[in-house]
Amino acid sequence: MTNSSLISMTVREALRDAMEEEMRHDETVFLMGEEVAEYNGAYKVSQGLLDVFGSKRVVDTPITEAGFSGLGVGAAFGGLRPIVEFMTFNFSMQAIDHIINSAAKTLYMSGGQMGCPIVFRGPNGAASRVGAQHSHCFASWYAHCPGLKVISPYSAGDAKALLKAAIRDPNPVVFLENELLYGQQFDDVSQDPEFTLPIGKALIRRKGKDVTLTAFSIMVGKALKAADILAEQGIDAEVIDLRTLRPLDVETVVRSVMKTNRIVSIEESWPFAGIGSEMAALMMEHAFDYLDAPLVRVTGADVPMPYAANLEHLALPQVESIIEAVKTVCYR
Amino acid sequence: MPHLISQDEALKAYREMLLIRRFEERAAQLYGMGLIAGFCHLYIGQEAIVVGIQSILKPQDTVITAYRDHGHMLAAGMDPKGVMAELTGRSTGYSKGKGGSMHMFSREKNFFGGHGIVGAQVPIGTGLAFAHKYKEDGGVCITSLGDGATNQGQVYESYNMASLWKLPIVYIIENNHYGMGTPVERSSAGSNYYGRGQGWDIPGEKVDGMEYLKVQEAANHAVDHARSGKGPYILEMDTYRYRGHSMSDPAKYRSKEEVEGVKEKRDPLAHFKMYMTKTLKIPEGPIKIIEDEVKTIVAEAVEFSKTSPEPDVAELYTDVLKEEISFA
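Going down the list, the sequences are from chains W and H.
If you read the first sequence in the working numbering, its first letter stands for residue 1, the second for the next number, and so on.
If you read the second sequence in the working numbering, its first letter stands for residue 1, the second for the next number, and so on.
Keep in mind that the hints were calculated from the coordinates and are not lab data.
All values reported here derive from a predicted model rather than from experimental measurement.
Possibly wrong hints are sitting among the right ones.
Said to hold, decoys possible - Calculated cross-link-like contacts (lysine-lysine; reagent style DSSO-like; alpha-carbon spacing at most 27 Å): (1) Lys281(H) <-> Lys214(H); (2) Lys206(H) <-> Lys12(H); (3) Lys281(H) <-> Lys265(H); (4) Lys12(H) <-> Lys265(H); (5) Lys273(H) <-> Lys256(H); (6) Lys263(H) <-> Lys288(H); (7) Lys56(W) <-> Lys230(H); (8) Lys56(W) <-> Lys166(H); (9) Lys259(W) <-> Lys207(W); (10) Lys56(W) <-> Lys58(H); (11) Lys214(H) <-> Lys263(H); (12) Lys201(W) <-> Lys322(H); (13) Lys214(H) <-> Lys252(H); (14) Lys12(H) <-> Lys56(W); (15) Lys206(H) <-> Lys230(H).
Claimed, not checked - Covered stretches of chain H, as calculated for chain W (at least 3 residues, CB under 8 Å): (16) 15-25; (17) 90-96; (18) 125-135; (19) 152-160.
Where is the CB? At the ideal position from N, CA and C, for every residue including glycine.
Bound conformation, chain H alone:
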């Protein structure tokens, strides 16, 4: 039986998951219209993971992920306008239009990117955890990686150091079953990713990443474990991405039936909405209010991202170094 949460908390979680879903749908549209370019990896289908984890974090905790990062940023509380404006390459984006989809950050929200090199965020996150321990600030770093990243050597270099030094870190493996077009069965010898910390004495477990409550419950004890000084923890989130790897991927490596089957049986939003109405007895009214609100927020973000100016041409040469260097 899923644990019970308050109606307010449920509405908040639903609002955040729905915001990600609607935001990503509009991002796909803008991509189709040519307003967003380059790489654009959508988070649709995986919403329960980031929202469930964020629900139990403390203000000093830090978060880092790879390139499928829009959902992570919205769940961390970053402004949808700033995220969408970065996607359209505008000066009002989180990186002033210089980062794009894969490279956004918010020191204010303790979101440390947004990294484009598969697996590289894992030692960086381990370093954020090292800093938490060094500064004794009581923080935990949440480091997310996909099933595709789990075969990078630096993931295991990180596991080793994190366990050796008892760093406060939780590794979240978002297993959406495909590393770009390659299913886990063809990329990974032994695909119980949660168990891959065993050699370093890191506990791990597999979680239904499509269920907000299950994610929240697992995150709670994993983060407690890390925060209490016992070292790292691994959570493998069993999830699914509805869209292709990126906007340029038609995803022909999987069947329509497979995708539709997940949407029908495991959709994180539909399931959670059912829980809200059936178990928590939340009436349609407040849910509808949230749905309208999210629609408005996303519409405003889209408008903002279309109407904001591109970066000033002088920005080409700024932010290379912390202070300006004059070349002869």
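In isolation and in its complexed conformation, chain W is listed as follows:
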């Protein structure tokens, strides 16, 4: 894995390039989902792929999530490597039976015979002003389940390298993107078609000694902003981009906490039984003796997402709420 000549592009372009490269690499890889072909993707992530690969490998589906997710699982059992796009992960709830019962459990239930190399991908969590049914983060839902891998990248470079790793992985992978990140530019994208990142490894995006912040996807950006402001106030925060939620890179977090002795977990989903709850439990189990303060969770409000601009702002974690949480654990 070489990583020379990094270039700048948006997350949207990086995801597209990942799929194009992997489809060139392996002809059993195909993309299916609503509006992925002729329309070039509801969010233009699959822009131009139909022109390159044709309708056999870039397949527009009817609006039929349970049906095409199950079909994707069957195609994977049959020797193909499907990429199933959900227009948003909100609609994956129609198909969750196939993701978990059919894709995640079958390897185990077959004593190791079957295997299901499939990627379920699409935007996850809140976008902007789209209301409760279209603003749901599924990170902890999928991360709960053995037999799945769950990835949720932040930067364009990670999005590309991890999507490529997900497509090559022999297991079912849930790949949680973020609509608001699609248009963001990052200058960390490798052009090497063989460059991938290992699934299950977090990245320390900012080194610090006073407190550990864990985040994933769009919340990494907010954590980094909070860290800049905190630095001006004399608090040196370490920001860990979890990148993969299952398997979670517990080691990287624990090592950081051994140094900082304080931790704030950040996610946009609900607090109850969320990724932050898991993080708290893991710290009890693995870092109890190193903690100088109880872990604090920054999460979305425990309500369905409101539509009104002011209420939506309140329902989502903001830079200010992260700063406040950090001050709590630092007793400042």
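With chain W held as given, fit chain H onto it using these hints.
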């Protein structure tokens, strides 16, 4: 008039149907003895369907079904020892004891399960057909579902995609007239399941699923249709299960007379045996040899399933993912 088949083929079909019947009878006994646990759905009464269909398949064809799957596996050529040992939860079972009655697979025999969620096997089978078409391997997927599954929405999502994309698939609806304890009359508005593909331009027909020859004949043209690129086909097999829905179901929702009536008048094995002796003039001798052989095979499977060890405790954490992940 039923079509004529060779004596050899008839004996082979009889042997396979009888193997299912005797296997299931012994499975019921083992369940009663506490050697098999959990859910156990027997195929007794429906044997002609799977054996008739398998008789015309090609090696590249794939098969998938729901949880009443023992008969499907035996008809696909899976080893009765491995199936019985899975039922008893032993390491020598097809899923190393980790799947059980409803979750067995054989890549070698192109049997893709064995699925416990009613109706979920239907889009999965449609995906196997999608893979056949994508790979251009000339294969057809046989996807079986019960009358109970026909009211799941994903069945119709599958019909739509299969017809839209002309996928090589035959949907076999095994209508045994009861979805668990609910008769079709109380579950389905309009119970001509073979006609439910009409809205998607999928041809369908009703077949006497108790008659091997009729199943074979229908399967032949349905599979030809799918293999030739014309898209899906639906066969509704009119059949009957002699036992309850599962071993824990005393089946009090139907009368003894109803069950005995079917056994007496429509039993697939008895009918086929009559055809062998009367129409094909096969003497008792070779039939008796097969009956003894089947008895031995099943006895050996039972013995194997009793004496094989349970899975090693280390197996608890294997086969979760394709490669081992080390957690910190």
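Hint by hint, here is what the structure shows:
1. Using a Cα cut-off of 27 Å, the hinted pair lysine 281(H) and lysine 214(H) holds, with the two alpha carbons roughly 20 Å apart.
2. Restraint check for lysine 206(H) and lysine 12(H): satisfied, since their Cα atoms lie roughly 25 Å apart, inside the 27 Å limit.
3. About 22 Å separates the Cα atoms of lysine 281(H) and lysine 265(H), which keeps this hinted pair within 27 Å; it holds.
4. Restraint check: the Cα-Cα separation between lysine 12(H) and lysine 265(H) comes to about 23 Å, which is no more than 27 Å; the hinted pair holds.
5. Of the supplied pair hints, the one linking lysine 273(H) and lysine 256(H) holds, its CA atoms being roughly 24 Å apart against a limit of 27 Å.
6. Taking the CA atoms of lysine 263(H) and lysine 288(H), the gap is near 21 Å; set against the 27 Å cutoff, the hint holds.
7. Between lysine 56(W) and lysine 230(H) the CA atoms are separated by roughly 17 Å; this keeps the pair inside 27 Å, and the hint holds.
8. As the CA atoms of lysine 56(W) and lysine 166(H) are separated by approximately 13 Å, the hinted pair is consistent with the 27 Å bound.
9. The hinted pair formed by lysine 259(W) and lysine 207(W) meets the criterion: a straight-line CA distance of about 11 Å does not exceed 27 Å.
10. A threshold of 27 Å between alpha carbons decides the hint, and for lysine 56(W) with lysine 58(H) the separation of about 25 Å falls inside it, so the pair holds.
11. For the proposed pair lysine 214(H) and lysine 263(H), the alpha carbon gap of about 18 Å is at most 27 Å, so the pair holds.
12. Straight-line distance between C-alpha atoms of lysine 201(W) and lysine 322(H) comes to about 18 Å, which keeps the hinted pair within the 27 Å bound.
13. Distance restraint check for lysine 214(H) and lysine 252(H): the Cα-Cα separation of roughly 31 Å exceeds the 27 Å cut-off, and the hinted pair is therefore not satisfied.
14. Note on lysine 12(H) and lysine 56(W): the hinted pairing is violated, with a Cα-Cα distance of about 41 Å set against a maximum of 27 Å.
15. For the hint pairing lysine 206(H) with lysine 230(H), the CA-to-CA distance comes to about 19 Å; that is within 27 Å, so the pair holds.
16. With a cut-off of 8 Å between beta carbons, the stretch 15-25 of chain H has 0 residues touching chain W; three or more are needed, and the interface restraint is violated.
17. Check on the stretch 90-96 of chain H: 4 of its residues sit with their Cβ under 8 Å from a Cβ of chain W, so the three-residue criterion for coverage holds.
18. Check result for the stretch 125-135 of chain H against chain W: holds, 10 residues qualifying (beta carbon to beta carbon below 8 Å, three or more required).
19. Counting residues of the stretch 152-160 of chain H whose CB lies closer than 8 Å to any CB of chain W gives 5, so the stated coverage by that chain holds, three being the minimum.
Hints 13, 14, 16 from the list above are not met by this structure, while the remaining hints are.
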